[in-house]
Amino acid sequence: MTLPLKTDPKYGYYPWWPENGNDWVHPEDVELARRVIPSPRIWRRDGMQGECVVLTYGKLTLRVHRTLWRELDWEGYNLGDMVEIRTRGMQNEHRTGIIREMHWDDHSGVIRYQVTEADETLDNPVNYTAADLKHVEPTDTRYEVRVEPPESDSGEYEVDTSE
9 MTLPLKTDPK YGYYPWWPEN GNDWVHPEDV ELARRVIPSP RIWRRDGMQG
59 ECVVLTYGKL TLRVHRTLWR ELDWEGYNLG DMVEIRTRGM QNEHRTGIIR
109 EMHWDDHSGV IRYQVTEADE TLDNPVNYTA ADLKHVEPTD TRYEVRVEPP
159 ESDSGEYEVD TSE
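Positions in the sequence shown are counted from 1; adding 8 to them yields our numbering.
Possibly wrong hints are sitting among the right ones.
[What the hints assert, rightly or not] Each pair of labels, with its calculated beta carbon distance range:
#, residue 1, residue 2, range
1, K18, T104, 22 to 32 Å
2, R96, R74, 38 to 48 Å
3, G66, V144, 32 to 42 Å
It is worth saying that the hints were derived from the structure and are not from the lab.
All of these numbers come straight from a predicted model, not from anything done at the bench.
Quick reminder that beta carbons are idealized off the backbone N, C-alpha and C, glycines included.
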């Protein structure tokens, strides 16, 4: 039995508009594509939908025909991941947050991650590299508490003091 090769997800970006015209983009996605491409945003290729490749960037989804893009190695982080910022010898302020943007830095040849805390805006974004980040598992602060009534409804409760 031969298993098919798993080719997705892949990561990359479009530093140019890949073709003349809009024929490479699904007709329903042309307006969005024109707003977000070209750009340094790192898109995640996540399978096929009919004849189109499905690309995601956070909540944005584009359907495109296979075209030339700059494929990048995945560094282990996705948009929406909760991360800890490493101090790296006091170069960074220690904090935790969520990856909100992933951009390719052509000058340095690295992916830059913008991390925000809760509802913080990206007015003055700080860019981090993968070396600055560490995955964090979100904590679940909701605890289930069950209080069972005593078997008898006498209103008196026994307290065990034998220790």
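Self-check item: Hints not upheld, ascending by number
Solution: Number 3 only.
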